[in-house]
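Engineer: With the hints in hand, could you dock these two chains into one complex?
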Amino acid sequence: MTAAPVRIAGLGLVSAAGIGRDAAALALAAPHAGPGRLTAFDTPLAERIPVSQIVRPQVPDEQRRNDHLAMAAVSQALSEAGLNPGSPELARAALVVGTISGDAFESEKRYRRELATHGRIPCLTVEPAPGRMAERLAATLGIGGPVLTVCSACTSSANAALIAWQMLRAGRAPRVLVVGADVLTATLVHGFESLMLLDGAGCRPFDQARKGIQLGAAAGAVVLEPAGAPGTSTDRPLLLGGAARCDPYHMTASSPDGSGGETVIRAACAAAGVDPSGVVAIKAHGTGTPDNDQAEGRALARVWGDAIPPFTSLKRVLGHTMGAAGIAELAAFLGCLEAGFVPASQGFETPDPEIGAIPLTRPAPFPGGTVLLNYFGFGGNSVSLLVQMPAPGGSR
Amino acid sequence: MTGILSAFALWPQRASASDPDFRIGDLAALEARVLTERPRRVGRHARLSLLGAVACLRDAPSPPSGERVGIYLGSALGNTAQEHEVVEQAVAVASGLAEGPASPVHFAASVSNSATFHVSRATGALGPNLVVSQEMRSFEGALAAADLAIACGDIDFALVGGVDEHQSNRETVWRRLELDPTLPLGEGSGWLLLGRQGPRGDLVWVDSFPETGDALVARIRHVLGPEEPLVLLPGPGVDPLDPLASALTTPGHAPRIQDYRSRCGTFGTAAALAIAGVFAPEATPGLYVHLARSHGTLWTAAVRRSPNP
Numbered sequence: 001m002t003a004a005p006v007r008i009a010g011l012g013l014v015s016a017a018g019i020g021r022d023a024a025a026l027a028l029a030a031p032h033a034g035p036g037r038l039t040a041f042d043t044p045l046a047e048r049i050p051v052s053q054i055v056r057p058q059v060p061d062e063q064r065r066n067d068h069l070a071m072a073a074v075s076q077a078l079s080e081a082g083l084n085p086g087s088p089e090l091a092r093a094a095l096v097v098g099t100i101s102g103d104a105f106e107s108e109k110r111y112r113r114e115l116a117t118h119g120r121i122p123c124l125t126v127e128p129a130p131g132r133m134a135e136r137l138a139a140t141l142g143i144g145g146p147v148l149t150v151c152s153a154c155t156s157s158a159n160a161a162l163i164a165w166q167m168l169r170a171g172r173a174p175r176v177l178v179v180g181a182d183v184l185t186a187t188l189v190h191g192f193e194s195l196m197l198l199d200g201a202g203c204r205p206f207d208q209a210r211k212g213i214q215l216g217a218a219a220g221a222v223v224l225e226p227a228g229a230p231g232t233s234t235d236r237p238l239l240l241g242g243a244a245r246c247d248p249y250h251m252t253a254s255s256p257d258g259s260g261g262e263t264v265i266r267a268a269c270a271a272a273g274v275d276p277s278g279v280v281a282i283k284a285h286g287t288g289t290p291d292n293d294q295a296e297g298r299a300l301a302r303v304w305g306d307a308i309p310p311f312t313s314l315k316r317v318l319g320h321t322m323g324a325a326g327i328a329e330l331a332a333f334l335g336c337l338e339a340g341f342v343p344a345s346q347g348f349e350t351p352d353p354e355i356g357a358i359p360l361t362r363p364a365p366f367p368g369g370t371v372l373l374n375y376f377g378f379g380g381n382s383v384s385l386l387v388q389m390p391a392p393g394g395s396r
Numbered sequence: 001m002t003g004i005l006s007a008f009a010l011w012p013q014r015a016s017a018s019d020p021d022f023r024i025g026d027l028a029a030l031e032a033r034v035l036t037e038r039p040r041r042v043g044r045h046a047r048l049s050l051l052g053a054v055a056c057l058r059d060a061p062s063p064p065s066g067e068r069v070g071i072y073l074g075s076a077l078g079n080t081a082q083e084h085e086v087v088e089q090a091v092a093v094a095s096g097l098a099e100g101p102a103s104p105v106h107f108a109a110s111v112s113n114s115a116t117f118h119v120s121r122a123t124g125a126l127g128p129n130l131v132v133s134q135e136m137r138s139f140e141g142a143l144a145a146a147d148l149a150i151a152c153g154d155i156d157f158a159l160v161g162g163v164d165e166h167q168s169n170r171e172t173v174w175r176r177l178e179l180d181p182t183l184p185l186g187e188g189s190g191w192l193l194l195g196r197q198g199p200r201g202d203l204v205w206v207d208s209f210p211e212t213g214d215a216l217v218a219r220i221r222h223v224l225g226p227e228e229p230l231v232l233l234p235g236p237g238v239d240p241l242d243p244l245a246s247a248l249t250t251p252g253h254a255p256r257i258q259d260y261r262s263r264c265g266t267f268g269t270a271a272a273l274a275i276a277g278v279f280a281p282e283a284t285p286g287l288y289v290h291l292a293r294s295h296g297t298l299w300t301a302a303v304r305r306s307p308n309p
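In order, the protein sequence lines correspond to chains U and P.
Oh and the first sequence: position 134 is 134 in this note's numbering, straight run, nothing missing.
Oh and the second sequence: position 274 is 274 in this note's numbering, straight run, nothing missing.
Just chain P, with the same shape it has in the complex (with noise of 0.2 angstroms):
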């Protein structure tokens, strides 16, 4: 089983009560707390890709760097902003509407990977690199290929990350992840660090189960400890009132329900911040567990606390 080496969840707020949406404050002053050197030339989502990384990393008891570390960023929509600003000189300069070229600033803050390359930079990660976007499981999809690349031993550890930045055009999120338009969209940038060994707990699983849930229940069933706390994290597609609660229900042993997206808003990878943020000081030990449903199926993620991270 994967350990959980660190992790770190930077969380958005509502600017005030009639602000629908969720957004991460003042990213200078973070970057002035957090990092070295801040970046230059980036986008939103490489920054806070970079805070959410570096601080996980520095979290860590020794903090490991070189080629057996691998960096998997999760990232349902990536950095649109910086893509918005070069589809529009391109299509501009292309259609005759605009003389040439486009910046290239721009360009090179556009690519999908860029918010990883200044992660690696910063961290002295030089194994693998990768961005998942699979859509509203982007942050499973990262998070399932780094344990998959540690349970091979082609890596020891992995800093994975669920990254999305806040839309000002709510329409570009909720037409693109088909969400409900009436949903509080957020951000956020939850970020892992996974070894062999770790001793705030384990990642437990990345799977997905059939949307009955019997399998799910089973699975929890069996890895579940005598007397251990079950929290369940109900993400995308999932209601907190969802009958899965009750299937779960035994006696004197119900599962608590924390309703993290009324903290976050949703968005792709909101999963992350759930997840990382079941390491935060404040929480408890137990077996928490991520679910989302989409295409008739469950998508879930597992992590056990430690008692004493």
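Bound-form chain U, shown alone (with noise of 0.2 angstroms):
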């Protein structure tokens, strides 16, 4: 079967930039834009590990954080696909979700209480399984395709993304709505605490003294529909294609040369039927961990030698947003580029000799051309993704 586009029809985001990929990318634009203090539940880790936690919309006690999160996203994407819940379009409508967290938030509260109440006690976890989520989103908004939910870390929903462009590659599905949503969790603050992976000055992608993550929250959403004829003219960014590899090197770590990195950067170009000097920008996965900036810049000069598209992290303004960094980076990243600019790589400010690569430090301008997408995660898994994207102007 060939490679297709297919048409992003809507987008949606809920991050800690705020409501909406435009108001990312106004974030995304501002010269110094960072992390704050984490207040969405109390640990003494609060006081020294900043993160990019949602403010807005304000989640009600009673609702599920990632349920709640991923409507507003949601709500955005068909609005913007001109879609309604239950339309006769949804309820043919296919669903993927990624999600590292799915009721994670809410199993973690109800233990808290159990340990406030009863002492040291095991933890029992009877919230329902990761794709209830999925379900319960189906089922508010009429979908009656298949329903899937990817929990593969960091690259969940971007793989979520690759199904869905192969449901429509492959009719079956005509439509089909991605998500990605996470929250912040305990257990991710003091996993990736026990790794030493937390930066305490926030993340620094590709700098020399970078030290760890900065983790987040958001939920993202996108609408995507067969498109034309490859070659055919549209007004509406195209999601071109992308891979899927696993660099099994280490279970935290990719291959430090960078050629898993290259492999799936690669690959995801020849789905997509690009060439790589086609490449007029690069969404870096960027964490800002020693390890993954090292293999991933290493695997930037692999592939295109001295002539590196302008590259850049958005992480230190939208945090690592975990299983929801696919489709919540794909739309703030969108964002900018409508706004007619790819953004700088916050937190940078001096070059790693050990990299070699230097992201953008202040924004570019962006004229329309084809992009790519990084994500690498935990256990090897790296995703690459392709969006042909319009002049700005003329997608919305």
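I should point out that these hints are in silico values taken from the structure, not numbers from a laboratory.
Covered stretches of chain P, going by a simulated chain U footprint (3 or more residues, C-beta under 8 angstroms):
#	region
1	86 to 95
2	166 to 172
Cβ-Cβ distance ranges computed for the label pairs, FRET-style:
#	chain 1	residue 1	chain 2	residue 2	range
3	U	ALA30	P	PRO61	58 to 64 angstroms
4	U	ALA391	P	GLU37	52 to 58 angstroms
5	U	SER79	P	ALA254	50 to 56 angstroms
6	P	GLN197	U	SER87	39 to 45 angstroms
7	U	ARG120	P	ALA283	47 to 53 angstroms
8	U	HIS32	P	SER168	48 to 54 angstroms
Just so it is clear, CB atoms sit at the ideal spot from N, CA and C, and this is done for glycine as well.
Structural biologist: This is the structure in structure tokens:
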């Protein structure tokens, strides 16, 4: 089956930068946007570990946090795509969700209450399995097609987008809603602290002094539909394709020589029918960990040599939003491109000679063209996506 | 149609007649027989996954590896035991009830795709590496995703598994999956190696149907060959005496009902054992249809076992 682009008919985003991709683009355009104090739950680490948490919309106590935020993002995406919950179009649509936290926030909240009442007792999860969030979303929206949840670490929703692309190519669904949603939990914060992967100064992707990630929360949504024949002009962004690969070098780190990243980038370009020389900008995964950024920078150099296209990381502004990153960063990055710029890689100051590549230090004009988006995760998971963007001002 | 190159099912057993649940016994002994290198610092879920995947691949006529081989693991609850340990540590530290930090080993092992990482390392499958978690049809979801990737030409082969581990606290399973609390619970690791053509048989479909069953009956009649045996594998929500069986009965051609859950108990991905079990040496050729019912829908996966595997 030949590769075929699919149309990005609608996008939605809720992030630390606010509601909508315009808000994210504004924050990414600001010179010194950065993380804040963790207040989503109590922990002694709140004093010294900055995060990117969602302030708006506020989540009522009785609501499930991921559901509420996901619905806020979905509403934007459906509205832009001209779709309504309960419509015949959604009755035939598919839903693919990427998440690692599911109802974990609610599970932790209940366990905290139990600890406060009973002292140290074993944890017993009784909250629904991770796939239930997708079932609830599908029921609320009247989605009647296939429903699937991907739980593959930080590439979860990027992988979900690839499955949606395949569903459309194979004609398994006329339209697919892809959602990525993850919230901050104590397990994530203390787990990453145990690995010594949190940067107390906030993340500094590709910087010589980088020390780790900056956790974040986000929900993103995208509506994908079949596009016309390849090459057909469109006023909407097109997902040209992508690829997923596994680089099983180490459970928590990619191959340091960049070979794993190179493999997935080349595979994605081939699947999308794009020569790497045609890529005009790159959204790097850029976590700010010493290992990821070194491996990713070297991967870019392996593909493009000395002519790496302008690249940036969004994580100083959005945080590392785990399984949500795939769709959340897609929405935020496209928001910037639609506004006519490739954002600077905030948090970067000093080049790292071990990496060699230098991200954008100030916003660059974006005239339109094909962009690459990278996502890497624990377990060697690697995904690259290619999106063709119309000239700014034409997609909305 | 996607082919099936090999299959492996790691079935549990009852430790004694009085034990309501089914568990897989001595994992270390199995690992010594199957694996060239035992994984370190991993939980039971990853160990079960690794055993099943490696055994499945070893059974293939010419085991593939590399970028064109994907791994698709369905799991309803994942590595719950590891997750519980990490949540206990993290919340206790966050609540000031314990000194930090949490255990990095436990945290890394609790990551949702820890199992597929180890499978990739052991098998050299370097393509897409996915964990699908869709409650009681997680295996069917993984199977559908793998079939789709092959159909699109994005990969040539897929190792597709369904793995869930037994929970000593039964409540965590039946409450999270909305199961009948009186059901015997189980665990297992069932795997298929899919490719474009398979000597063992074919994946005929993974699809959902309205609960009335009429459309499913029509589909089965459409694909069932003359004189081909039909075997129904009733899963969650489908009683072995379900009226569907009589709807599929034609003169001289009654489907056989195979109550596989009496062999393994109920768990999120028991369907993987049922379907991988179709390709066991003692099984017979025919069209096998696994059925599950939830949310007013019949979720089905159908495989055909070739006459001469």
